[in-house]
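Respectively, the protein sequence lines represent chains A and B.
What the first sequence shows, in our numbering, is residues 1 to 422, in sequence order.
What the second sequence shows, in our numbering, is residues 1 to 97, in sequence order.
Worth flagging that the hints you see were computed from the coordinates, not collected in a lab.
Using N, Cα and C, we set each Cβ at its ideal position, and we do this for glycine too.
Where hints are given, some of them may not hold.
[To be verified] Which chain A residues face chain B? A few, computed with CB under 8 Å, are given here:
1) ALA53
2) LEU80
3) PRO82
4) MET83
5) VAL337
6) PRO378
7) ALA384
8) SER393
9) LEU395
10) GLU396
11) GLY400
12) GLN404
13) LEU407
14) ILE416
[What the hints assert, rightly or not] Here are some chain B residues the structure puts well away from chain A; computed CB gaps all over 12 Å:
15) ASP42
16) GLY50
17) ILE56
18) VAL57
19) GLU58
20) PHE59
21) ARG61
22) GLU62
23) ARG64
24) GLN84
25) ALA90
26) ALA93
27) ALA94
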Amino acid sequence: MATRRTFLKLGVAAGLAPTLAPSIASAQGAGRVVVVGGGFGGATAARTLKTLAPTLSVTLVEPNATYTACPFSNTVLANLRPMDQQQFGYDSVTKAGVTVAQLSATAVNASARTVTLSDGSALPYDRLVLSPGIDFDWKAIPGYDEAASQIMPHAWKAGPQTVLLRQQLQNMDDGGLVVISSPANPYRCPPGPYERASLIAYWLKIWKPKSKLLILDSKDAFSKQRLFQNAWAQLYPGMIDWVSLSKGGKVTSVDPSTLTLVTDFGRHKAAVANVIPPQKAGAIAHQAGVADRTGWCPVEPVAFESTLQPGIHVLGDAAIMGAMPKSAFAANAQAKVCAAAIVNLLAGRKPQDPILINTCYSLVAADYGISVAGVYRPDKGVLADVPGAGGVSPLEVVGGFRGQEALYASSWFRTITAEVFG
Amino acid sequence: MRLIVLPALAGLILLAGAAEAAEPPPGASSCTGCHAPMKVTDSVIPRIAGRKASDIVEFMREYRSGAWPSSVMGRLAKGFDDAQTNAIAAWFAAQPE
Chain A
1 MATRRTFLKL
11 GVAAGLAPTL
21 APSIASAQGA
31 GRVVVVGGGF
41 GGATAARTLK
51 TLAPTLSVTL
61 VEPNATYTAC
71 PFSNTVLANL
81 RPMDQQQFGY
91 DSVTKAGVTV
101 AQLSATAVNA
111 SARTVTLSDG
121 SALPYDRLVL
131 SPGIDFDWKA
141 IPGYDEAASQ
151 IMPHAWKAGP
161 QTVLLRQQLQ
171 NMDDGGLVVI
181 SSPANPYRCP
191 PGPYERASLI
201 AYWLKIWKPK
211 SKLLILDSKD
221 AFSKQRLFQN
231 AWAQLYPGMI
241 DWVSLSKGGK
251 VTSVDPSTLT
261 LVTDFGRHKA
271 AVANVIPPQK
281 AGAIAHQAGV
291 ADRTGWCPVE
301 PVAFESTLQP
311 GIHVLGDAAI
321 MGAMPKSAFA
331 ANAQAKVCAA
341 AIVNLLAGRK
351 PQDPILINTC
361 YSLVAADYGI
371 SVAGVYRPDK
381 GVLADVPGAG
391 GVSPLEVVGG
401 FRGQEALYAS
411 SWFRTITAEV
421 FG
Chain B
1 MRLIVLPALA
11 GLILLAGAAE
21 AAEPPPGASS
31 CTGCHAPMKV
41 TDSVIPRIAG
51 RKASDIVEFM
61 REYRSGAWPS
71 SVMGRLAKGF
81 DDAQTNAIAA
91 WFAAQPE
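Modelling step: build the complete structure from the supplied sequences, incorporating the hints.
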């Protein structure tokens, strides 16, 4: 360990004269990073910051002791895996040198550079990373508020809602109608509603084969659409009906007391209703002033620093990331880039222009996987697709291609959760 | 007092700089989302940390051309030119196996 005396010598040896005082003074507090939100974005950012710069003080603010992962939670609905395989603690994050504050962030003071926590304390920061995920817009669909979600679950934040939806499916009589309401873009996990429809159909086909599934959609096209629709025709013929926006798919109101979903074209009475409502950045992003009128957070494409509040970086689902979708893989990739950029910024260096990858698998059946992949780089102020790269799984395949992608999907989940929480 | 404290802080900053780990080249940090830095049980995705750089470059070239069949790797390899691929390969080759 260096002593105070060697610090003094180093300072002198580096030729630092009193005239440099202002720049040193401004760097005096450098090295405190607060990360809000312990999901794939925030937990990755906190760990990567400590890996790249062990002397940084990094605090992760996360109210829950256990994180419940959304990717693969659709397999819980189909009874393909137990809920506890979706759950992770923060012991390894702590062991990596991150201070985990098991509290909520209630306010950000961007000019004083402090985060207020739910115990009333204030954490000072030099750089703040917000990775709050999504909140639901409870005013978007008349009749659908938080109380209604106990009857018509969204299950779009994994946890008790996932268990509730699974329970409702298991209690349903054979021959019942399951209705999924899918929101307009942008929202968390673009292919998620269609993976969910697929895996619920997979389960219904085995256990309640007279049942049907209706997707009421607020858009006319969706991620991996042809792959999903081809697979539905092949695996679940006649079971899944998709109603697009232009065919009257947009749910305009719901009535939880009768499990009814209303569109401009009709009323649909469900046996089980899964309403995935429109979303926005998590509340702290709005409080911090980093969200714009869209409800999401504009950022620059190199360090993901807010274009509205300097010193605050936004990651993952909450941020507007150009061509990158809202996925766990994307949040994890963005977090690693952001952490490296913050280390550079705190040291007075310019961050390097990044390249990022997104890979997103969906399961259509237990042994049938499809994927979308993309490569992104900053272009004209936003993250843009690298031309010629990326795309979805081929429509026509031979041999065990779909089975192999299902294996890659579960392997990916093990790998990324090991990197973030393991 | 000020004159004493300031060089001390400067020394701290210098030490902090020296203590930083090297930053991966553009693109490399995304790879570990699938290719974990640590050993992961029950994963069919191979680890690439500690592999020979020339092997990684060769795989990426064959993924890009389609000579080696793949699922996502062909689509991803097309997003990286030779210089970027070489830098990523060198980075992973230098990581502990």
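> Does the structure break any of the earlier hints, and which numbers would those be?
Replying inline: When the structure is compared with the hints, numbers 2, 3, 4, 6, 7, 9, 10, 11, 15, 23 and 24 turn out to be violated.
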